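Chains as they are written, first to last, in this note's numbering: chain G, 3 to 356; chain P, 3 to 356; chain U, 3 to 356; chain B, 3 to 356.
Simulated from the structure, these hints should not be mistaken for lab results.
Given the structure is predicted, the values throughout are model-derived calculations rather than measurements.
Among these hints, one or two may not hold up.
As the list makes no split between identical chains, a pair holds if one copy fits it or if it spans any two.
What the hints assert, rightly or not - Taking lysine to any residue and the SDA-like style, the derived pairs with C-alpha atoms no more than 20 Å apart in a straight line are: (1) Lys7 - Ala276; (2) Lys7 - Ala302; (3) Lys7 - Glu51; (4) Lys7 - His119; (5) Lys7 - His34; (6) Lys7 - Gly189; (7) Lys7 - Ala347.
There are 4 protein chains.
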Amino acid sequence: MSSRKNFGSDNVTPMAPEVLAALVEANHEPLHSYGDDPYTARLTQRLCEVFETAVVAYPVTTGTAANALALSVLTPPYGALYCHETAHIATDECGAPEFYTGGAKLIRLSGAHGKLHPGDIGAQVEFARSMGVHHVVPASVSVTQATEWGAVYTIPEITAITAAAHAHGLPVHMDGARFANAVAHLGVSAADCTWRAGIDALSFGATKNGAMAAEAVVFFDPARAHEFEVRRKRAGHLWSKMRFLSAQLLAYLDNDLWLRHGRHANSLAAALSAGLASLPGAELAAPTQANEVFVSLPEAVIAGLERDGFEFYRWPAPPGIAGPVIRLVTSFDMRPADVDGLLGAARRHAGVTS
Amino acid sequence: MSSRKNFGSDNVTPMAPEVLAALVEANHEPLHSYGDDPYTARLTQRLCEVFETAVVAYPVTTGTAANALALSVLTPPYGALYCHETAHIATDECGAPEFYTGGAKLIRLSGAHGKLHPGDIGAQVEFARSMGVHHVVPASVSVTQATEWGAVYTIPEITAITAAAHAHGLPVHMDGARFANAVAHLGVSAADCTWRAGIDALSFGATKNGAMAAEAVVFFDPARAHEFEVRRKRAGHLWSKMRFLSAQLLAYLDNDLWLRHGRHANSLAAALSAGLASLPGAELAAPTQANEVFVSLPEAVIAGLERDGFEFYRWPAPPGIAGPVIRLVTSFDMRPADVDGLLGAARRHAGVTS
Amino acid sequence: MSSRKNFGSDNVTPMAPEVLAALVEANHEPLHSYGDDPYTARLTQRLCEVFETAVVAYPVTTGTAANALALSVLTPPYGALYCHETAHIATDECGAPEFYTGGAKLIRLSGAHGKLHPGDIGAQVEFARSMGVHHVVPASVSVTQATEWGAVYTIPEITAITAAAHAHGLPVHMDGARFANAVAHLGVSAADCTWRAGIDALSFGATKNGAMAAEAVVFFDPARAHEFEVRRKRAGHLWSKMRFLSAQLLAYLDNDLWLRHGRHANSLAAALSAGLASLPGAELAAPTQANEVFVSLPEAVIAGLERDGFEFYRWPAPPGIAGPVIRLVTSFDMRPADVDGLLGAARRHAGVTS
Amino acid sequence: MSSRKNFGSDNVTPMAPEVLAALVEANHEPLHSYGDDPYTARLTQRLCEVFETAVVAYPVTTGTAANALALSVLTPPYGALYCHETAHIATDECGAPEFYTGGAKLIRLSGAHGKLHPGDIGAQVEFARSMGVHHVVPASVSVTQATEWGAVYTIPEITAITAAAHAHGLPVHMDGARFANAVAHLGVSAADCTWRAGIDALSFGATKNGAMAAEAVVFFDPARAHEFEVRRKRAGHLWSKMRFLSAQLLAYLDNDLWLRHGRHANSLAAALSAGLASLPGAELAAPTQANEVFVSLPEAVIAGLERDGFEFYRWPAPPGIAGPVIRLVTSFDMRPADVDGLLGAARRHAGVTS
């Protein structure tokens with residue numbers, strides 16, 4: 003079996019065997035629709051256990067839906083939503099947050115490696131308030147964990163941001179499309195890096211890490227639960243055969259599959275990162291802390307890999323990094339041999355004899 | 003094995019074995035995401051064959067998403083959308099069409115058995131135009147096939163409506179959540195009862211009739227295709243692992259599974275309808291032409307069935323029908339014995355010795 | 003000076019001399035913008051006096067803006083707004099409530115002379131709640147005073163509606179485009195027929211009754227005041243030179259100009275109504291209680307008046323009224339001679355020798 | 003009469019006597035409503051003359067309404083709208099463009115003195131298109147003339163931007179809140195600096211420069227005229243007594259009042275700018291080309307002026323300018339003595355003996 007050459011994204015993956023098995027298992031008999039089924043009930047229970055608190059949680063199909071629906075509950079149409087300038091919600095969701103909120107404004111802030119500075123939140127709120135009704139009203143903050151640059155916020159970093167937001171009454175949403183990778187990197191509990199650090203709502207991603215199409219929106223404060231349910235229906239994101247969404251997530255949580263997958267992909271990324279960084283002329287564009295490697299390589303190496311059929315994206319270079327940058331993503335279903343295959347080719351194109 | 007007692011809806015069903023098998027089959031290797039995969043390519047091809055013309059078609063997850071997205075392409079925010087007062091889009095989708103169109107107004111028209119009168123469309127457009135900028139602008143028409151009362155528009159009926167709409171430049175959308183049942187009843191081709199009868203866009207339902215969660219939005223005029231793709235992404239309805247949506251629909255189309263399912267459910271509904279209508283005091287509230295039976299029964303019979311554990315909905319009685327009305331829905335996975343079980347119980351409660 | 007022949011609408015009028023004088027008076031010096039001026043401060047004070055309670059009030063330019071902005075504060079995007087099927091917000095504002103609320107659904111109820119039945123509100127809410135997340139969420143009620151058929155709700159009628167609405171937690175908005183005419187007819191205080199009867203928010207009309215372009219949105223509960231201010235700005239309805247809006251409304255309130263105008267127009271309408279109703283073949287389509295006359299007349303009379311150059315609208319006949327119906331509107335600036343002119347012509351066309 | 007001390011904004015001004023006279027003149031008799039009046043007809047004619055081409059033009063009340071309505075016709079909900087990061091539409095309109103477009107995304111670009119770089123437009127479009135459906139769709143460009151920093155685009159600068167935009171099919175809107183000041187500075191015709199330079203739609207401001215509350219949205223391509231009319235109504239921006247909006251604009255155009263006002267305010271700003279720039283420690287933060295002066299002054303001078311009762315805003319310093327910056331605005335109704343008053347005080351606080 004030849005080694006895998008697609009490092010383009012973790013969303014090119016199939017579903018994990020455990021997830022598929024759960025679909026098979028859930029396919030036996032008629033069940034009440036729209037979430038009034040035992041799978042969905044058990045899922046809420048499991049998420050309460052995983053997060054060690056009473057959460058309300060809603061399965062949806064895509065990360066964009068999870069983010070936009072969560073944000074629509076936290077942000078009025080006339081609100082300002084503060085996020086990083088590279089955030090998926092700002093650049094990759096075709097205006098979904100604007101659509102779901104009814105026209106809220108995303109204020110894009112900068113910061114190294116995709117991380118917000120807590121101080122910028124207060125400064126923005128102060129500016130907005132000085133403008134009175136002429137400016138959108140500070141409403142919410144969204145952080146991405148792991149970030150779009152493959153970095154992971156530490157718990158103190160998260161806490162500093164939520165403290166700055168809460169000081170102005172702003173709830174904080176976490177886009178956890180790669181939450182498992184972040185938790186695996188931090189080595190802490192899911193509770194520690196979310197609500198105990200001040201997070202109010204989480205998009206708990208599963209699709210990239212083993213599910214077919216499943217994410218859970220988790221609210222740590224149940225007050226707006228009904229509004230979420232109504233908005234989900236109104237957006238066409240309420241499955242009639244909800245069991246098949248819930249079953250995916252149950253399998254994803256069982257036996258810590260999510261964390262095992264996260265650790266696996268992270269370790270492959272670490273190996274990939276170390277191997278590439280050691281090449282002549284290579285420079286990491288961001289620390290490799292999750293399952294994404296951003297690295298500047300000589301053009302000849304990049305072009306060589308492309309010729310070899312390896313798939314990955316060229317990426318805009320961040321400030322301070324010269325030369326062409328690429329993004330490589332590892333995933334739960336990748337094997338060390340796949341990483342070795344790419345590293346071997348890269349060394350060859352770099353003229354390194356290993 | 004005991005007979006099935008849930009006649010509440012066709013969305014309580016599991017997925018058909020063929021659909022599950024297709025998911026298993028599609029789960030082998032990494033594939034490009036967002037629809038750039040062979041399953042999705044093949045699906046478009048298959049739909050072109052099924053509809054005997056060059057269609058553009060987009061898989062989405064729910065009927066509400068299919069309807070609202072299709073309508074958002076056909077109806078500007080300041081538009082009037084004409085539909086039946088019982089239409090799913092008007093009463094059961096929590097305002098999804100308003101959300102997706104940015105606030106268009108649904109003008110609800112009446113008509114027996116859930117069918118629009120062609121003449122009402124012209125009258126409404128004339129009224130709207132007499133009002134100038136003070137009224138919403140006539141924009142689109144939506145019909146439901148089969149209707150919300152389990153009836154099926156004939157081809158001349160559809161043609162009369164599309165002619166009336168097109169005379170004023172209005173495109174016509176068909177909500178085909180139970181399209182298979184309608185086509186099975188009519189015994190014509192999918193082309194004959196859609197674009198050849200003037201339909202511009204179709205929500206081609208599969209979920210209720212055997213899929214896990216899959217519908218296809220089919221446009222018979224490709225002009226607005228790109229807009230649809232952008233709106234789907236923006237709504238969070240673009241699956242990254244699209245193959246798993248497309249594979250469901252491929253299995254649904256293969257070997258006419260959809261039509262076989264439709265015929266099967268229709269024949270069970272016909273048997274159920276005939277059996278119930280023969281009871282003393284029974285009266286059909288609408289003709290049984292698809293897989294739904296609307297029947298007025300003596301309260302004692304209804305209450306008896308409920309006590310027995312049968313599941314179904316009590317329904318508002320239409321004009322001209324006295325006494326309590328219930329809705330019973332058959333489905334692809336139901337057996338004749340299930341219908342016999344309910345009929346036997348109903349006869350017993352009606353005091354009929356069979 | 004020839005008699006005036008335009009009975010088409012009260013919005014064809016110029017502004018009252020007192021209102022123009024107020025504009026002249028307010029035009030002397032630089033003043034702070036956006037409402038931070040003495041005129042606006044005085045206006046709020048005056049409205050508190052007129053309504054005998056602490057209100058928050060916001061001047062805007064048009065009735066459509068007043069209604070839509072008020073309703074947007076009371077109705078979430080996923081909400082149901084109950085109103086009469088003839089309500090201006092439902093038929094004459096080009097979907098403004100849908101636009102401003104972000105897609106709420108107007109549920110149109112019937113009732114004689116443009117009046118809602120209190121019982122319908124409870125029935126609708128019950129239906130909506132039985133539907134769970136599949137139906138829009140009951141959110142608000144809007145009544146029109148005087149109604150679109152020129153009738154005036156009595157205080158007990160208003161109270162019954164607000165009680166029915168409040169029993170389900172729904173606030174009640176009053177579209178008072180012709181509020182002065184209604185209050186003049188009722189002969190009660192502005193407080194008695196609004197907040198003391200349970201009204202939560204009022205569009206206090208002035209444009210049709212003497213202003214240039216000015217309405218005030220009055221909230222009897224100040225809780226949502228800030229949200230209104232933000233929404234007004236966001237909609238482009240915050241005048242920088244606000245004094246010129248406030249000055250109009252101050253002049254309108256001074257010396258009860260609004261009520262004197264309302265009484266004047268009402269008395270002309272009463273005379274017009276009595277005169278027309280006495281013609282052979284005439285039948286009033288609604289009681290004349292404000293400044294609008296809806297009357298069925300022989301076609302020959304209507305056509306004759308049109309030939310004479312009189313302006314008015316032909317109107318859809320309500321249930322129970324045969325023959326062509328017209329609407330005639332009187333206004334603050336009309337003289338008895340104008341009414342006599344039309345009546346004389348009508349008698350002539352009816353073959354009546356007076 | 004004491005000299006005027008309010009340099010806070012040109013919107014603190016009263017209306018010009020000519021504008022008030024026009025209101026008085028238009029107040030004589032009943033006239034058809036909603037723009038079917040001779041004043042509005044004449045206005046369109048006059049604007050065609052002023053712009054030397056067949057324009058469609060719509061009066062509205064505020065600059066925010068003019069901008070947001072114009073942009074809503076040019077930008078779909080899923081669109082990207084490119085503008086300067088300091089643009090009024092981006093920072094001072096409380097999200098009005100997002101509201102009116104249904105959630106389009108404003109992409110904020112940088113550039114000295116509030117001016118866009120043409121090259122940035124192409125780069126942004128290229129980036130957006132490389133992202134496919136994941137990014138909002140390039141839709142429109144908005145420039146502000148004069149800019150938010152009191153600078154004026156030259157005609158070649160405008161042409162370069164419109165050429166860059168049109169190369170990608172994007173229409174260009176001009177926010178002309180201070181259009182008169184810009185035209186007065188350029189000394190060219192209104193046509194030369196709009197449609198002849200490629201502008202597609204203009205918010206033609208009058209409120210700041212002499213009107214009570216009036217702006218005209220001017221489309222140089224009439225294709226989307228009807229959509230604009232519908233959107234204006236739907237937004238509550240269609241005056242019933244439209245004549246009073248049109249009459250203001252007619253007076254504003256008559257005898258080049260708008261240009262005379264613009265020249266007057268510009269010359270006062272030039273004098274103010276020169277006087278302040280000559281003070282020790284002073285530095286202009288932007289060239290003074292219209293009626294706004296942005297200047298960095300010693301804190302003691304600023305504080306002294308504040309103590310003296312002069313009104314103006316402190317402003318964020320642009321890159322490269324140290325020390326506190328203030329904005330001073332001149333207007334059509336200001337006299338040279340007012341400027342002299344402020345300059346004299348500033349010299350005194352700066353310790354300069356004149």
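Going down the list of hints, with the structure as the test:
1. Lys7 - Ala276: Answer is within; shortest intra-copy Cα gap is 18 Å, inter-copy 61 Å.
2. Lys7 - Ala302: Answer is within; shortest intra-copy Cα gap is 18 Å, inter-copy 66 Å.
3. Lys7 - Glu51: Classified as neither; 38 Å inside a copy, 35 Å across copies.
4. Lys7 - His119: So Lys7 and His119 fail the 20 Å test inside a copy (36 Å) and across (41 Å) alike.
5. Lys7 - His34: Result: close only across copies, 12 Å inter versus 43 Å intra.
6. Lys7 - Gly189: neither (29 Å within a copy, 49 Å between copies)
7. Lys7 - Ala347: within (11 Å within a copy, 62 Å between copies)
Checked against the numbered hints given earlier, this structure breaks hints 3, 4 and 6; the rest are met.
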